[in-house]
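Protein chains in written order, with the working numbering: chain Z, 1 to 258; chain S, 1001 to 1333.
No wet-lab data here; the hints were simulated from the structure.
You may find that some hints are simply not true.
Said to hold, decoys possible - Incomplete in silico selection of chain Z near chain S, CB under 10 Å:
| id | residue |
| --- | --- |
| 1 | A62 |
| 2 | Y66 |
| 3 | R106 |
| 4 | L147 |
Here the structure is a predicted model, which is why all the values come from computation and not from measurement.
Glycine is no exception: its CB is placed at the ideal position from the N, C-alpha and C atoms.
The residues making up each chain are set out below.
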Amino acid sequence: MRYARTNTLLLRTPEGIVFSLPLAGPVSRFLAWGVDAGCIVAATSLLHEVLGLLGNINAGIAGATYIVAYFVFSIGYGIACEWYWRGQTVGKRVLKLRVMDEQALRLGFGQVVVRNLLRFVDLLPGLYLVGGIACVLSRRSQRLGDLAANTIVVRQLETAQPNLEQVLGGKFNSLLEYRHLAARLRQRTSPQAGAVALEALVRRDELEPQARLQLFDGLAQHFRSLVEFPLEATEQLSGEQYVRNVVEILYRRADRSA
Amino acid sequence: MIIDLTRFLAEERKHWAELEATLDRIDRNPDQRMQLAELLKFHELYERASADLAKIETFSSEPEIRRYLEGLVARAYGEIHETREKQKRLNLWRWFVATFPQTFRRHLGPFWLAVAVTIAGCLFGGVAIRMDPEAKQVIMPFPGLKDDPSERVRREESAKQDKLAGQKSTFAAQLMTHNTQVAIFTMALGITWGAGTTITLFYNGVILGAVAVDYVYAGQARFLLGWLLPHGAIEIPAILLGGQAGFLLASALIGWGSRKTRRQRLREIAPDLTTIIFGAGVLLVWAGIVESFLSQYHQPVIPYALKIAFGAAELAALTLFLAKSGTSSKSSA
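Bound-form chain S, shown alone (with noise of 0.2 Å):
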């Protein structure tokens, strides 16, 4: 069967047109709806271009036709079949007080799995570094972690000079971006079923058992606690959050338990990956600057009870957000 090219590309064209024209107003204004007459001949013109699609791929006919026709039908397959809600203007403040805790608290199973990776790390950390101090040098990723507490103590608080003078701001942003890539990195090793987030948060975790045991049994928690809290307590649970994504995109590869496919599964958490992991960044952003301009000041400058009082608080408003806010608002899942 042959059709006369030219007669059919007179008559169809016009449709065409229109079909792509459709197609071009709803990339321009993805949330503007259309009334029932619009949406019946939007309908109309796809499966007109179907069915031309469908003609011109039995004839002999020209390639590019076909694929020009190829190219408007998918376009407009994805509208037609598309039945995700489509993404609403965003509301910033929204997403952060009532999404984003509503999406952490869906995946608890895999946020308490990158918790109990991360104290394993910390007990191999506290263990090795008691049973061989000589893995110190190996374990402790800093210069200044591989001196002898005591002696940074002493330093620290008879320093006469701000360390950071001038630095704050570009040590602070430092922090920030270093510490989300962390996260993103985390998040992202999911892919290797999980063996690459497990990793990461394990020696993430190795690092701050042996930091935390080194210091403690030098006699210096308080100066631990004062130093560490005032950031930590933002940002390991940022770097736990970054855990917890990867470990939902390793299960929804594995898919244990589910009938699912793996696309399906993995269309189902790509929206929720994405809202944790820019939680975690809103919170390295503000564990950054405390790190800059709260963390790096010790007694006498800053009491280390305030210090500890201030970190123990974000802690406990973390704790309280995470598990509480956007409970009375519906779920944006």
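Here chain Z stands alone, though its shape is the one from the complex (with noise of 0.2 Å):
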């Protein structure tokens, strides 16, 4: 297990392979603590308008079940969701975000009790100052709560499938006449340029025309930078022709293209 960034943890599996996990950081938790406060303080606002009408009868089982169920649900709420949820609260649904185990193994239920009893200690002094500063200190942004439960909080993330037919079009590539040149283009080109290039493509139209250029240029000045392609396959091309071609070489199957 090692970490790659401030805000991601990496994890090697018995099997060789590597696979990331993105920590929340303490801002988006705050956020989701906020959104649990308001779901406890409404189930709880509701339950003592319940409670008042059984009030009328018998104030003080009223009295006393209201003061049971808030304490109940004040702890239980985190402690229920996380189980059933497998990590997720309320707040922590709205975030994205999920409780795991600190070695991506399933997340037990004592675990999930201690990170939300420890809480008590988090809240010190109050707004989650102890918790905040932990989370801060922490290189696996943990409060002391997942400290103790060997736990940790991880963005969770969502895919779509691009769509490269939209974007690519089935349009001539000049650049593709260079099959060695390509090949090295492939070989150079990191996966974050490659995702830029074709994130770039994908959302082109959201951009204004001076963006659009500005960006475009920008990216093929890169690209040309890795590999210098002959003049006469480049002169006639755009900044964006030229990094569409580009993404086409890096996403599409070489053989079929060429």
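Need the complex rebuilt from these two chains, each delivered in its own frame; the hints are there to steer you.
Set out below in structure tokens:
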């Protein structure tokens, strides 16, 4: 297990596969807690109203029920939600966060209970100050409850398949005429740069004309610096066309396009 | 090396979907046991997704797909490499009469430490109140305890009206929740390497010792026992259980004489912390009821001898329960 950046936990499986878990920062966690606090307040207010009716019959029983129910709900809310929703509360669902075991193993009930009960200390002296400081100082963004329970809070990621046909549109690609240079470009392009280029193409219609021009010129300049294609393959190409051709080289099967 | 993303997705997606469906099924029915063929298929799908992740990581491919695969592999990894036994359906009765006392007995060291710290606090409180009677105003947490004990006894014994009439349930609920909070807090402060737990237990001991010495020297020992024993026989041990859990947490953090890593130690004690603190919570529910419905009523309403006998019987029963209950059944650790 190692840490690539401050907000990512990298885990290596016994099979040698490395996968990363993006850690949630203190701000998103605080916002999730705010949503959860709102849920607790709403639920207990509702309970208060309901028990108010019971209070007309027996005020003592109604008062006692409210005190116990408030206590159980305020403590049990996090435990119950995180256990039944496998690491999520309403707030964490809204903010797309999830509590996980530090070693990505199954979250145990004991872990859920310990991290939620240690909230008493993390809340001190108010507004999660102790927990917030621990979260900022910890390499894995863990509050004290997480440290004791061996848990982390990760950002949940969603996936969407990019529509390459829409982006590339079957246009002629002059760069593919030079297979050896195309292969070199694939080799030298980092995954991040490829992803940025693809994302730029997918979202090009959302850009202002001037910004669009600047962005694609900048990207094209970057790809030109990686591999130099002959002038006849590039002289007529705008920055956007150049980037589109590069993306096709990176993401399309070479034998089909060349 | 570059892959054809579209073809790659078309070929592999069905396997990812199958793995995702298997993981969802495990999520929905965590108790369901897989057949050998299902397990083999699950493992194959996990290895396939892992291989796909390895492939896609080296290519200039869509990072969202990589993240999706990372998420899938992470979930499957958690299920396949988990060696802890799966949580069985909880039998509450068995948990209370077997698991709870067994867990308590497994960690007697932290419990005796909690007892020792509390006794030290009692001695300090007792000595402090004898040496410096003015300290009473500082040490006693409630106004009622700051009064002269004999005056309070006279007032309580001559009371004509039930001061808790119509409020006993509410008072019991307040006591239960407050004391449970104290027990949880005592446990949670174990994260301060036990310093917070020590301070909390010591402070509780100081109050207890100061009250005891104040009433005994005022000649009100019988009232004191009749007042405190019925609920204190359960409440004080329950707070000590919170202290036991706190010191257990602290010892796992410190790790004296252990070759295991801090993470391993903390992982091992999490279920025991849960059991001890939930057990203390159950005891405090009983203590709250007794304190509200019995402890606040004195002679002539309820004879002191009866109250003291009740408290002593509770203490004996609790001691027997914690020492012997669940000894014949298999440890559920």
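Tested hints:
The beta carbon of A62/Z comes within 9 Å of a beta carbon in chain S, closer than 10 Å, and the hint placing it at the interface holds. The beta carbon of Y66/Z is positioned within 10 Å of a beta carbon in chain S (closest approach about 8 Å), and the interface hint is therefore held. Taken as an interface hint, R106/Z checks out: its beta carbon lies about 5 Å from the nearest beta carbon of chain S, inside 10 Å. With its C-beta approaching chain S no nearer than about 7 Å, L147/Z sits inside the 10 Å limit, and its interface hint holds.
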